[in-house]
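*Asks:* One letter stands for each residue in the lines below.
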Amino acid sequence: MDLCSFFLSFSGGQPHKRRRTSEPIEIEDRLESLICRVGEKSTSSLESNLEGLAGVLEADLPNYKNKILRILCAVARLLPEKLTVYTTLVGLLNARNYNFGGEFVEAMIRQLKETLKNNLYNEAVYLVRFLSDLVNCHVIAAPSMVAMFENFISVTQEEDVPQVRSDWFVYVVLSCLPWVGKELYEKKDVEMDRLLSQIEGYLKRRVKTHVPMLQVWTAEKPHPQEEYLDCLWAQIQKLKKDRWQERHILRPYIAFDSVLCEALQHNLPPFTPPGHMPDAQYPMPRVIFRMFDYTDAPEGPVMPGSHSVERFVIEENLHCIIKTHWKERKTCAAQLLSYPGKNKIPLNYHIVELAQATEMLYMRLDTMNTTCIDRLINWFSHHLSNFQFRWSWDDWSDCLTVDLEKPKPKFVKEVLEKSMRLSYHQRIVDIVPPTFSALIPAEPLFIYKYEDESASSLPGYAVTVTVGNAIKNRASNEEILTILKEVPNPNQEDDDDEGESFNPLKIEVFLQTLLHLAAKSFSHSFSALGKFHEILKTLTDSDEGKLHILKVVYEVWRNHPQMIAVLVDKMIRTQVVDCAAVANWLFSQDMAHEFTRLFIWEILHSTIRKMNKHVQKIQKELEEAKDKLEKQQHKRVSLFMDKNSEDEEGQLEEQIERLQEKVESAQSEQKNLFLVIFQRFIMLLTEHLVRCETGSVDISTPWYKNCIERLQQIFLMHHVTIQQYMGTLENLLFTAELDHHILAVYQQFCALQL
Amino acid sequence: MSAKLNALNSDSYIDVSQYRDQHFKGNRYEQEKLLKQSNTLYVGNLSFYTTEEQVHELFSKSGDVKRIIIGLDKVKKTACGFCFVEYYTRADAEHAMRFINGTRLDDRIIRTDWDAGFKEGRQYGRGKSGGQVRDEYRQDYDPARGGYGKLAQQHRPTEARNSF
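Going line by line, the protein sequences match chains P and H.
Counting along the first sequence from 1, when you hit position 706 you're at 706 in the UniProt record's numbering, and nothing is skipped either side.
Counting along the second sequence from 1, when you hit position 122 you're at 122 in the UniProt record's numbering, and nothing is skipped either side.
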């Protein structure tokens with residue numbers, strides 16, 4: 001145990017000069033450790049630990065001031081859940097060393113500017129909050145903090161800037177008030193009132209088109225899904241009404257008031273918010289997720305109301321804990337469960353009561369956003385697989401009384417399907433009551449069209465036998481192609497062509513037979529696709545060929561969606577089919593009856609992701625080649641030019657040209673993929689809307705809700721990529737002529753970055 | 001500016017373990033280097049009945065799986081309770097180490113560890129009887145892994161031996 005830790009385990013020790021001459025890195029690590037872990041695992045109180053640490057750091061200032069500054073700035077940014085611990089520490093240091101306090105404030109301002117410049121808006125919030133809490137620690141003078149807030153709020157007067165920009169500045173100010181509202185009001189109530197009134201005006205005129213797209217539930221009951229700024233405003237209003245009495249936040253500085261109030265304060269330098277830059281990426285708006293209220297935790301401490309500021313503070317802190325510790329799940333769990341102040345709120349109940357939470361979510365499935373239902377399906381099935389699939393299914397027997405396309409039975413069906421993937425069919429049969437048999441997934445068996453003698457009348461049957469034997473006897477690709485020439489083409493009258501054009505029967509005969517022989521496992525099927533890649537490429541040379549191969553894969557494996565997904569994935573990666581073909585297939589009439597099943601959307605999103613990764617990969621290659629060329633050119637300038645380096649440069653330039661073309665071609669393919677998808681959505685939705693209108697029928701069928709939310713999902717899940725193509729989308733597809741129901745989705749999406 | 005705090009960079013779930021493959025062709029340094037860059041995980045304590053499909057479903061939760069190789073008994077050529085999972089990216093494999101290691105597959109707590117990379121031959125158990133070494137010496141009864149360990153099986157009198 002090093003001297004410092006030993007020293008710190010006593011309460012209120014004397015400051016002590018370090019005489020060690022260790023490696024600088026070691027010292028830095030030790031300082032970091034001391035600071036990051038202050039208060040953890042100590043028998044002494046937090047206050048005495050802070051006092052001790054302040055003493056140690058004060059003594060280290062002459063030698064390690066910059067390191068200490070760096071570490072403190074970093075914890076302000078990276079450990080927001082321990083904000084008040086570190087503001088107290090800075091307060092104590094400032095009281096002992098006024099200059100250090102000043103330098104720290106300057107360093108924080110520099111850091112704030114950097115984070116804003118780098119689009120790190122979430123971290124910037126923590127920095128501003130830290131600065132505002134420094135007012136409570138007598139490090140920063142209240143009037144100068146108010147002045148900074150005034151500068152932030154003046155952003156709401158800017159014209160021609162995205163709403164999300166002014167949103168952020170308002171959010172920052174409001175989110176600091178739980179910490180510092182009381183102090184600022186005591187010192188500058190007139191200015192603060194003016195500030196709040198300006199904020200109120202802004203919030204009233206703010207546009208909230210984006211909200212429907214982000215709500216988990218479409219119903220207002222039992223809990224309204226509030227827009228995040230509206231919710232925070234309501235919470236601050238209530239706090240103000242309560243005269244800024246905030247009782248949840250841990251405030252170690254209170255214990256040091258007598259020391260801190262003797263300290264001299266610093267004024268924040270005037271801070272002008274950086275202007276709007278076109279490439280700025282402000283945080284997108286959110287809707288506050290609420291599912292519990294005070295009635296849900298009947299025993300123990302009362303749940304703070306949704307407009308109490310405690311709710312905001314607690315949610316912020318829990319959020320921060322998860323963000324900090326996500327890599328270490330045991331630590332994260334420990335941190336969550338040892339949350340300070342947990343005895344005053346029903347924390348354990350709401351973290352641990354998964355069964356109740358699941359039950360509540362199930363009950364509200366009817367109005368839940370489809371994307372959220374997807375997540376619930378994936379989470380719940382995974383959860384069950386870790387607990388022997390034990391569940392009181394009978395509690396959910398209400399789902400058996402409605403149409404199977406309704407959200408509840410659909411949810412159960414998908415859960416059972418996913419559960420089967422993690423176990424096996426008989427297991428699922430065993431775990432659900434017999435009444436649930438209609439929801440049990442089919443046994444994931446291959447369906448072979450040419451199975452037995454009764455199929456002998458089917459066209460092409462004879463060839464399936466020949467091909468099958470050829471494959472089993474390890475015939476070559478050429479031999480098999482020759483055999484396949486025997487398959488008549490139902491699309492043609494005569495066969496005076498070489499048999500090269502699209503022949504659906506040929507594809508069917510070959511693929512059904514091949515996949516049947518390889519049906520045993522994923523590996524067998526992948527091996528088959530690999531071995532006969534040449535043949536597959538030949539057969540799918542045309543767009544129709546690609547579509548048909550997907551059709552056949554579905555036909556044979558329609559009871560095993562997991563297999564369909566992995567085969568489609570393999571076929572894209574080996575370029576047997578392309579992404580647009582998969583999209584067209586999923587939206588085709590043949591697949592309409594499966595359109596609302598989860599596996600369809602998993603395949604589509606996986607396809608889009610592959611396309612995106614492909615583009616990124618080539619872009620990266622291009623960047624690397626450009627960097628190489630630049631380095632080469634720099635070398636050339638310093639050394640004399642010789643034939644070798646000239647050649648190398650020429651080669652690189654050629655490579656760059658080729659890669660440039662590749663990138664453009666990939667981006668074109670990517671854009672086309674999104675165009676296909678959006679076009680298909682528009683066609684399907686328009687058809688439905690027109691049909692309902694002419695029939696005077698309500699448009700809100702389960703299918704419609706599913707479809708429109710799937711459209712939303714495309715936008716939300718791939719927003720970064722889609723934003724590149726907004727111009728094209730707006731000009732070609734999402735025009736004013738579109739039905740307003742469909743256009744609304746596009747407008748909601750645009751509103752996320754406006 | 002973007003100062004990282006070493007004290008906060010703990011990521012213990014992705015650390016390389018003490019295990020080193022004794023059959024690895026190369027020295028310890030080379031093996032460690034490969035382990036630190038690997039996209040491949042060894043998965044142990046599987047049931048003999050766990051399928052490639054189940055492995056794929058679970059491990060796909062942390063990213064796109066490139067390939068799964070089910071471990072086989074060298075003699076019987078049947079699954080013998082381990083497999084390799086290869087991801088396209090290291091990051092996805094790291095997520096598996098953080099979030100799938102130590103959780104259940106087919107009702108059993110499975111264990112994942114970094115692997116230097118699949119090579120032909122490594123899909124076979126290295127125990128004398130053909131399965132994994134751990135099943136040679138195991139004393140407990142595990143119905144999902146062939147019952148008693150091979151050595152323990154030899155000491156148990158069989159029906160045939162006792163009857164005349």
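Hints are not guaranteed to be accurate.
Dumping the calculated DSBU-like pairs for lysine-lysine here, alpha-carbon to alpha-carbon at most 35 Å [said to hold, decoys possible]:
hint: 1; chain 1: H; residue 1: K150; chain 2: P; residue 2: K327
hint: 2; chain 1: P; residue 1: K620; chain 2: H; residue 2: K33
hint: 3; chain 1: P; residue 1: K617; chain 2: H; residue 2: K25
hint: 4; chain 1: P; residue 1: K117; chain 2: P; residue 2: K626
hint: 5; chain 1: P; residue 1: K620; chain 2: H; residue 2: K77
hint: 6; chain 1: H; residue 1: K33; chain 2: P; residue 2: K537
hint: 7; chain 1: P; residue 1: K610; chain 2: H; residue 2: K66
hint: 8; chain 1: P; residue 1: K208; chain 2: P; residue 2: K240
hint: 9; chain 1: P; residue 1: K65; chain 2: H; residue 2: K4
hint: 10; chain 1: P; residue 1: K327; chain 2: H; residue 2: K61
Since the hints were derived computationally from the structure, they do not count as laboratory data.
*Asks:* The structure should be examined with respect to each hint, and the outcome stated for every one.
*Replies:* Status of each hint after checking the structure:
no. : hint             : result
1   : H:K150 to P:K327 : violated, 39 Å
2   : P:K620 to H:K33  : holds, 24 Å
3   : P:K617 to H:K25  : holds, 32 Å
4   : P:K117 to P:K626 : holds, 26 Å
5   : P:K620 to H:K77  : violated, 43 Å
6   : H:K33 to P:K537  : violated, 39 Å
7   : P:K610 to H:K66  : holds, 13 Å
8   : P:K208 to P:K240 : holds, 25 Å
9   : P:K65 to H:K4    : holds, 17 Å
10  : P:K327 to H:K61  : holds, 16 Å
In terms of the numbered hints stated before, the structure departs from hints 1, 5 and 6, listed from lowest to highest.
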